[in-house]
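K.L.:
Starting from the structure of chain A, add chain B where the hints point.
Line by line, the protein sequences are chains A and B.
Numbering-wise (the working numbering), the first sequence opens with residue 1 and increments by one.
Numbering-wise (the working numbering), the second sequence opens with residue 1 and increments by one.
Check before you lean on any hint, since a few could be wrong.
[What the hints assert, rightly or not] Pairwise CB distance ranges (calculated): (1) A/Ser292 with B/Glu22: 29 to 39 Å; (2) A/Arg110 with B/Lys118: 17 to 27 Å; (3) A/Asp308 with B/Val307: 51 to 61 Å.
[Said to hold, decoys possible] If you only want the chain A side, here are some residues facing chain B, beta carbon under 10 Å, derived: (4) Gln73; (5) Val74; (6) Ser230; (7) Glu231; (8) Met367.
[As the list claims (entries may be wrong)] Residues of chain B placed beyond 10 Å of chain A at every Cβ, according to the derived structure: (9) Val74; (10) Thr293; (11) Gly398.
The hints are simulated quantities; they were obtained by calculation from the structure and are not laboratory data.
The beta-carbon is built from N, C-alpha and C at its ideal position, and this holds for glycine as well.
Chain by chain, the residues run as shown.
Number of protein chains: 2
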Amino acid sequence: MIVRKYGGSSVATPERIRRIAEKLALHAKDGTRLAVVVSAMGKTTNGLIELAGGVTKNPEPRELDMLLSTGEQVTAALLAMALNDMGVPAISYNAFQLGMVTTASYGNARIVDLDVGKLSKELERRGVVVITGFQGVTEDGDLTTLGRGGSDTSAVAIAAKCGCRCEIYSDVAGVYTCDPHVVPGARKLDYITCDEMLELAAQGAKVLHSRAVEIAKKHSVELYCASTFSEERGTYVVGTLPEWLEQPVVTGVTADTNQMKVTVNGFPNDMSVYAAVFDAIAGKGVNIDMISTVSENGHSHLTFTVVDSSVRIARETLESVLSGRTGWTVRVDESVAKVSAVGVGMKSAPGVAARFFVALDKAGVHMVGTTTSEIKISALVPREEAPRAVEFLVREFGLADGPEA
Amino acid sequence: MIVRKYGGSSVATPERIRRIAEKLALHAKDGTRLAVVVSAMGKTTNGLIELAGGVTKNPEPRELDMLLSTGEQVTAALLAMALNDMGVPAISYNAFQLGMVTTASYGNARIVDLDVGKLSKELERRGVVVITGFQGVTEDGDLTTLGRGGSDTSAVAIAAKCGCRCEIYSDVAGVYTCDPHVVPGARKLDYITCDEMLELAAQGAKVLHSRAVEIAKKHSVELYCASTFSEERGTYVVGTLPEWLEQPVVTGVTADTNQMKVTVNGFPNDMSVYAAVFDAIAGKGVNIDMISTVSENGHSHLTFTVVDSSVRIARETLESVLSGRTGWTVRVDESVAKVSAVGVGMKSAPGVAARFFVALDKAGVHMVGTTTSEIKISALVPREEAPRAVEFLVREFGLADGPEA
Numbered sequence: 001m002i003v004r005k006y007g008g009s010s011v012a013t014p015e016r017i018r019r020i021a022e023k024l025a026l027h028a029k030d031g032t033r034l035a036v037v038v039s040a041m042g043k044t045t046n047g048l049i050e051l052a053g054g055v056t057k058n059p060e061p062r063e064l065d066m067l068l069s070t071g072e073q074v075t076a077a078l079l080a081m082a083l084n085d086m087g088v089p090a091i092s093y094n095a096f097q098l099g100m101v102t103t104a105s106y107g108n109a110r111i112v113d114l115d116v117g118k119l120s121k122e123l124e125r126r127g128v129v130v131i132t133g134f135q136g137v138t139e140d141g142d143l144t145t146l147g148r149g150g151s152d153t154s155a156v157a158i159a160a161k162c163g164c165r166c167e168i169y170s171d172v173a174g175v176y177t178c179d180p181h182v183v184p185g186a187r188k189l190d191y192i193t194c195d196e197m198l199e200l201a202a203q204g205a206k207v208l209h210s211r212a213v214e215i216a217k218k219h220s221v222e223l224y225c226a227s228t229f230s231e232e233r234g235t236y237v238v239g240t241l242p243e244w245l246e247q248p249v250v251t252g253v254t255a256d257t258n259q260m261k262v263t264v265n266g267f268p269n270d271m272s273v274y275a276a277v278f279d280a281i282a283g284k285g286v287n288i289d290m291i292s293t294v295s296e297n298g299h300s301h302l303t304f305t306v307v308d309s310s311v312r313i314a315r316e317t318l319e320s321v322l323s324g325r326t327g328w329t330v331r332v333d334e335s336v337a338k339v340s341a342v343g344v345g346m347k348s349a350p351g352v353a354a355r356f357f358v359a360l361d362k363a364g365v366h367m368v369g370t371t372t373s374e375i376k377i378s379a380l381v382p383r384e385e386a387p388r389a390v391e392f393l394v395r396e397f398g399l400a401d402g403p404e405a
Numbered sequence: 001m002i003v004r005k006y007g008g009s010s011v012a013t014p015e016r017i018r019r020i021a022e023k024l025a026l027h028a029k030d031g032t033r034l035a036v037v038v039s040a041m042g043k044t045t046n047g048l049i050e051l052a053g054g055v056t057k058n059p060e061p062r063e064l065d066m067l068l069s070t071g072e073q074v075t076a077a078l079l080a081m082a083l084n085d086m087g088v089p090a091i092s093y094n095a096f097q098l099g100m101v102t103t104a105s106y107g108n109a110r111i112v113d114l115d116v117g118k119l120s121k122e123l124e125r126r127g128v129v130v131i132t133g134f135q136g137v138t139e140d141g142d143l144t145t146l147g148r149g150g151s152d153t154s155a156v157a158i159a160a161k162c163g164c165r166c167e168i169y170s171d172v173a174g175v176y177t178c179d180p181h182v183v184p185g186a187r188k189l190d191y192i193t194c195d196e197m198l199e200l201a202a203q204g205a206k207v208l209h210s211r212a213v214e215i216a217k218k219h220s221v222e223l224y225c226a227s228t229f230s231e232e233r234g235t236y237v238v239g240t241l242p243e244w245l246e247q248p249v250v251t252g253v254t255a256d257t258n259q260m261k262v263t264v265n266g267f268p269n270d271m272s273v274y275a276a277v278f279d280a281i282a283g284k285g286v287n288i289d290m291i292s293t294v295s296e297n298g299h300s301h302l303t304f305t306v307v308d309s310s311v312r313i314a315r316e317t318l319e320s321v322l323s324g325r326t327g328w329t330v331r332v333d334e335s336v337a338k339v340s341a342v343g344v345g346m347k348s349a350p351g352v353a354a355r356f357f358v359a360l361d362k363a364g365v366h367m368v369g370t371t372t373s374e375i376k377i378s379a380l381v382p383r384e385e386a387p388r389a390v391e392f393l394v395r396e397f398g399l400a401d402g403p404e405a
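Here chain A stands alone, though its shape is the one from the complex:
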């Protein structure tokens, strides 16, 4: 048994759905049992959100999930039809029909239970079961969605529960050392560790959803991602790299251009105020990143980054917590980017940070902030300098092919 997941652009038209059915038909004839998880066709989800926008500016989250969960149902039914048409016994199910129970956090629900009994029975009978990704059902029977990229999570969760391999197919041929749209010689990786993949995803790589990788890591799911319509070899996302593989120091470089920097001058140097501010911001569901502080004379300068779409709410929350105090000012720098280098090899290779900063210096890039983790170094840079920063980092760590490398 294998779980396969096809993304939105892979199923964007009836023709593409037929092509996927043809590929699945070949596998099904081998006797492989296939649980196929599908996303909504192409831009369907955006179209549905637009429809909701025609009705209200603030759609009730429960009703929005009711609306959005129709998208994958359409794809699932069409793919099952196409398979039946090719003589492959197949049946489609909504995730709720297969017991994909989630929390009731509409729009961003988490899977809490999954009873694969019915799925197993159907796979015994027909060989192919097509399942709607991205969605689930609360214990009370209300439909939920798992948030953007949630279909990856659905697929890996099913594979984890069934103890089988999970293959994620999309319009990207695998995991690259850096964005191939930005760096022409970007190299596709044969293997990447879950930890590196998590860091890359967190730093803006879009090929795999972080939550999916987390589940894969936790349950040791064999994860593979590759292109839907090419036969090119993809990337294995593994717990540890095969021993024979030469361990690179840096596996990938990313640029997240979706960040803004918030700076507070004159922040009270008082832990209870820090706690109050970050607690309030977290309470609004906003993730903040790259927090750093410098203290002098009982006051601090605080900076942190947030994604573009959350900056307004982060700023308002901050200002409201500080409203009883004086002597502080807030500034938002709207045009920054976070450039990161990720690699498990960093743990054992000293001097990676030095090479990272030297590369940025050679590129003439002005760093306005930095953070590091065990397997990652990030620098905040002016947004327009991000491509140049990536180019020099890629060159420094030998991550691209072609004349530049």
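P.N.:
Only chain B this time, still in chain A's reference frame:
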């Protein structure tokens, strides 16, 4: 408590959905509990069928129902959002979530059970529950659809079970004496009996789905149909007309131009062959109508009518049953129409048939077949002569206003 149903053109755009929400908001503020049944937006169902056509010529009926049932879900979610946006507590449910259990005849399922416990509880809590029409769920949990016009059936079934009134809103302002698009002076009826409505629906009137009227009749549901966006008074569909109402002899005239006539010359005059032919045709799910035979010298001439879309399968089935015999020929007349006059008053008024035939004669229409029931007379006429036949029948029975009447 009232059940209201809105048809596809009434909910075709987000703007129209908002307008319906505004109307419902007014009622909800009275304290009326509203179960609102909705169809798919505009031409959504046709669009989904086209999508399926891009994948296969013969979609598996179960998968087609999985596909089509997304249409109403979109409308239900949007209408609930719009109501919430106006401060009206409302929630949407798929029919399957409210226990609308049907047979497993995909594409044409019949309601077998309906547990209104959850609906009643939600109506207590919020006042407005929006429900997907047209669909249900089998005992095994598979999604089904009730066939074209099935949303009417959903609505009346819910009203029957809840013992409340059912209002059907669409782009038609009520039941007319004849098609207002064909006869300019067509009169809207204040009242019509269920029996008449059933005959009119069977003869091609599209305002209400027959199955919905059958359920209304059986369970004495007070049924009302009116225009969605006008304040014009609609039509009550009742068990018996109010006593004070002067009973017209003929209530309505219809023309069904979707008919073809099949003639078999030299049909064996043997009941077992009749039985075999009609049994085989019924086995293919084809309804036939206006059967008539004339016998001479041990052979018969058999004619019957079928709807356009079924004529090929009816003819093939017929020919296959007769294939072991000789001496017969089949002819299909593709351009006929069935013109009918319907009225409960016929039961007590003699001479209606005579007036019917005289009117056709005055119109110079050539009748090629006829059938009657207790409250209906139908004539098969050349298709191009149908409008003229209707015009003269409407004049004869005084069914239109204006200079012609």
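K.L.:
Can you list which hints this structure breaks, lowest number first?
P.N.:
1, 6, 7, 8, 9
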